[in-house]
Amino acid sequence: MATEFCPVYSPFFGVMGCVSSIVFTCLGAGYGTAKSGVGITAMGVMRPDLIIRGLFPVVLAGIVGIYGLVVSVVISGGLTQNLSLFSSFVQLGSGLSVGLAGLAAGFAIGIVGDAGVRGFAQQPKLFVGMMLILIFAEVLAIYGLIVALILNTRAGSGTCE
Amino acid sequence: MLSTTTYAMNNSPSYGKYYYGGLYSLLSFILTVIVLYYVLTGRGERIDIGWFLSETSPYMWASLGVGIAVSLSVVGAALGIYTTGTSIIGGGVKAPRIKTKNLISVIFCEAVAIYGLIIAIVLSGNIESYTQSLVDTDDVIKARNWYAGYCMFGAGVTTGVVNLVCGICVGQVGSGAALSDAADPTLFVRILIVEIFGSAIGLFGLIISVLLTSKAKMGDKN
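Top line first, the protein sequences correspond to chains B and Y. Take 1 as the starting number for the first sequence in this note's numbering and just add one per residue. Take 1 as the starting number for the second sequence in this note's numbering and just add one per residue.
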């Protein structure tokens, strides 16, 4: 039954939250994979033995995509047809928070990964430094994930009255 | 007099570089004027997003989802294929042995287009017709159909944009793989691992699209 607080259009915002979480994190993950992948192919010609360790930025970029996947699945579990505006806007906020944070983290991982693997090929002792910087970049996406999950636990508490 | 005119004709500054900046500022100015008009003359409530969302037909949302799913996925696949393809051809000039093995990168990009096609076919199978008179009287059936329309739009946009990104990503990495394969044949399998990570991004979008599609049920039943 549509009321003032559960209008017929409110699931739109929840769906947009679900969409934005996966779309933006995949944008970040794609950029991270592509940029650091190009760096790995460049360094691999010089030092083929270091390629496997050089895959570290690519793995981290993939993990950013998984954060978005997790939040999307959680949001979509909360989507129903009789959704209060409160719940759907909370879902939109949660999706945007992990999405844009993941986008930023993916960009950072890509740029640092590209420069990192190229430097790592010339000086293998740089691996630990590159790993630390990449982990700091990854943690940005985790912040978004935390906020998204905290918001999402509130999403179920909207009523239609 | 004549010498200054000739100087002006030969050394006149070009303003072509301000094209995009000028266009963007013009559009923002027009948008600001429109927004301020609505806000300052008390007509703010006429900008009604809720009215727009509830008056547009769920068929529009569902069909947009279907269209965006396949078209953007194909755009992503095409961008990937041309990036990889040019590098394979370029590297193959000096190392023709790379041409068959590196078709795998092209196939990874093509797979992205296939994901989009599958989702579009599944989504279009989900579009059912409902009776308008039933929807006008029964709120629950109207809510179900409108919800289905939004979910299908979301599923389509998810697939489309994620596959666009995935295609570009796999193309970039595939291009690098082709050139490093041309330099050293042992490298190809290791760079393929990066391409597989890139392909996984497209699969994430597919999973969420399928999840959203499963929630969408149009029609006359409750």
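Quick caveat, the hints were computed from the structure, so don't treat them as lab data. Accuracy of the hints is not assured; some may be wrong.
To be verified - Only part of the chain Y face toward chain B is listed, based on derived beta-carbon distances under 8 Å: (1) TYR7; (2) MET9; (3) GLY219.
Stated by the list, open to error - Anything over 12 Å on all C-beta distances counts as not near chain B; from chain Y, calculated: (4) TYR15; (5) ILE34; (6) LEU53; (7) ALA78; (8) ILE107; (9) GLU128; (10) VAL157; (11) PHE197.
Quick reminder that beta carbons are idealized off the backbone N, C-alpha and C, glycines included.
Hint by hint, here is what the structure shows:
{"no.": "1", "hint": "TYR7", "in the structure": "violated (46 Å)"}
{"no.": "2", "hint": "MET9", "in the structure": "violated (45 Å)"}
{"no.": "3", "hint": "GLY219", "in the structure": "violated (13 Å)"}
{"no.": "4", "hint": "TYR15", "in the structure": "holds (33 Å)"}
{"no.": "5", "hint": "ILE34", "in the structure": "holds (23 Å)"}
{"no.": "6", "hint": "LEU53", "in the structure": "violated (4 Å)"}
{"no.": "7", "hint": "ALA78", "in the structure": "holds (16 Å)"}
{"no.": "8", "hint": "ILE107", "in the structure": "holds (17 Å)"}
{"no.": "9", "hint": "GLU128", "in the structure": "holds (15 Å)"}
{"no.": "10", "hint": "VAL157", "in the structure": "violated (5 Å)"}
{"no.": "11", "hint": "PHE197", "in the structure": "violated (5 Å)"}
When each numbered hint is compared with the structure, violations occur for hints 1, 2, 3, 6, 10, 11.
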